[in-house]
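Student: Chains as they are written, first to last, in my numbering: chain A, 5 to 358; chain B, 222 to 294.
I should point out that these hints are in silico values taken from the structure, not numbers from a laboratory.
The following residues of chain A were derived to be distant from chain B, with all beta-carbon distances above 12 Å:
1. Glu41
2. Ile56
3. Gly119
If you only want the chain A side, here are some residues facing chain B, beta carbon under 7 Å, derived:
4. Thr277
5. Phe278
6. Arg279
7. Leu297
Straight line, CA to CA, 25 Å or less: simulated DSS-like cross-link-like pairs of lysine-lysine:
8. A:Lys267 <-> B:Lys264
9. A:Lys150 <-> A:Lys190
10. A:Lys260 <-> B:Lys264
11. A:Lys301 <-> B:Lys264
12. A:Lys190 <-> A:Lys165
13. B:Lys264 <-> A:Lys300
14. A:Lys257 <-> B:Lys264
15. A:Lys253 <-> A:Lys332
All C-beta atoms, glycine included, are put in the ideal place defined by N, C-alpha and C.
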Amino acid sequence: MKKKKIIICLFLFLNFHFLPQIIKINQEEGVLQRDRENHITFYKFKKFQPDIHKIVLWDITKIIVHINKVFILDQRQSRIFVFDKGANYLYSIGRPGQGPGDLEYPIDFFISKEGNIYVINSMGKRIEVFSLNGNFQKRIKLNLPKEIFYSRPSCILVDPKQYFFIAYNLSSHLIDIYDFRGNYIKNILQRENPVIIPGENIGNSSQIGFFHNSNTLLHFNYFSGIFTMVSRMGKIEKIFSVSDKLHKKELQKLKKFIAEKRKIKKSGIRALTFRLWSNYCIDADDNIYVFLLLTKKSKKQKLFVFSPEGTFLYWTTIPYFKNTRINKIFCSEDDFIFVTSEQEIIFAKKRRIK
Amino acid sequence: MKMNKKVSIFLIIVLLALFIFGLSYLVYAKDCCSPEEKYRCPKAPDEYYLAQYSCTCAGGELTSRDCVYYPEI
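With the rest of the complex left out, here is chain B (with noise of 0.2 Å):
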């Protein structure tokens, strides 16, 4: 019986962490840009090149992406 409630203790203590995990992941919007977001940019126009992109995530969905082009010289 001892033993079921110190099992019981743990699991409780695991489960809080889990939550505490999951909640923190949620709440931030974190960057999910992986390097293939790239090709996810239009292709540029003639003459122009993709200069910048970034990703915003919330609760690890993408919510928005950045494609900034610059003129070639």
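Okay, chain A solo, but in the shape it has when bound (with noise of 0.2 Å):
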């Protein structure tokens, strides 16, 4: 008996480690794309408009629903904005500077489980904490691996464990995790192309968001357009991405262009980022959504949806945005909110696919 259960423990435990990855890179057509009646689409499109003489923004760079507010940073304007969900204007979170409770260059935020705002500067390194109704908590200073002294945080995740899983807009390292004083405890993800200083180079690209039904972590590189699922542990489980025409050639264009730059040797180091895909959301099943934005002239902004496994199940078109684009799609329990590149911020509702 004791032997039958040494030998399953050690059957899991092998299975954990040499699992091996599955990569779908490339998929050429969704599984389900020519069944269109299971197909996503959307309605009561709702424009979010709140009172310009009270609040204009001007950089919606992060929106979060959650207990029906809405809370929008505008990193230009370094705070978060908190509305109702008729736009209604509340308060606002955090102000510009760099004593405790400013926010300098706050480039993402997070909202735990527990009620607590984080948000990160990219500038300064540190996470400010506040609580829901905006009133500051305390500072952590990230103590960044001396090795990628250059890097600027670019997003944030929180564990319930009061974990720090950070990405950055230049650096080696893709994924870091840092204790709840801000202090390095690993890398989970690497770079695969060196970071040359100085030099030119290609900037991280990174977007790293949650699942809700599992303990994975998702990357998503803006530029590549390639997603890798990790495991806390630092386990690359995933890595899929989908295969379309106008990115592949936009990619080899730009790949050109960055190569040229990189010949004129430089003095300091710089990322040069180019956006070819929105960021994604997940939806409360787990889908994943982003939107290519490269779109041939008169023809819809494709919007693309993965399986939580990571396969491509189909791409589809939003008819209510005719002549603008989408930069940021971000998902909630009951919406989804589009931001177009006018600035604009829509709320429109799932119908469920039969």
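The two chains are supplied separately, each in an independent frame; assemble them into the complex guided by the hints.
Tutor: What follows is the structure, encoded as structure tokens:
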């Protein structure tokens, strides 16, 4: 009996450590592409228009809907503006500056289940923590490893044990873990191409997120369009992407452009970042949605949908958005939120599929 | 002699203040982006535009620069 238990444990251990990576790069056609009845559609489109006499949003960086409140980070104004769902302004969190509770180039924020708001300051490499009603609680300085001294944080996730998952604008590290004091713990995902110092580099182009129903993290490169699923232990589980002709063509063109720039010697470090994809969002079922920012003239923008396993399901378009481009997409429990290139915010409901 | 003492105390305070100011300038990574920095990002290739740019300085020296491009609509 004991032997059996040991064998089972050994099998599970080996399974966990030696499970092969699943690679689904350049998936040609979505498995549900022809099955139109199963494609997502949206309805009840509603513009989210705050009173411009009170608030004008300049640079909508991130939107989170939390307990019927809409939190909007405006990087250029260094504030999080809070509204009710009717777009009525309630209050703001943070202000520009360098003191405790001040925000300096805030690039991302995260709301934990406990109701704390963690704002990552790109320039100061620190996290400001606020309560939901905007009271400043504490400041956490991130102690970046020496070898990535030049990096600036670009994304933050916080897990229930108060570990911070951080991505950077340019770094040989793609995702690092820090403890609640801001001390570096370990790296869980590395960049493939080396960073050249001094010189021109392609930025990390990272977005990171949690799935709702698993412990996996999802890294997305909005230049290459490649998703990487990685466990919190640092094991790469899946790598996937879709093959799109327009994207493929642009990728080659831009790689050539950057290679030419690299020949010119520079004294500093420069990160050139091309956004070819929007950010992604994950719905309650862990399906993944992402827009291609490239479109042929007179064609509609494509929304790509992947299953939680990284299988390319289908692409679709949204007729509501005719002459505008969606730059950002956010999923909340009930709504999808789109941000257009004109900084318009539109809420919509998803009509589910059969 | 008394006057000299006062002057030396004053000088020490001034030097101390200058030292603290200099140290804080060195320690804090500051944004040293001027509007001209924009033009130090490579000119966008055809059908792209420069959407964001930012720079980091430490001790008054430029350490890194970010240039973010979006495709034109």
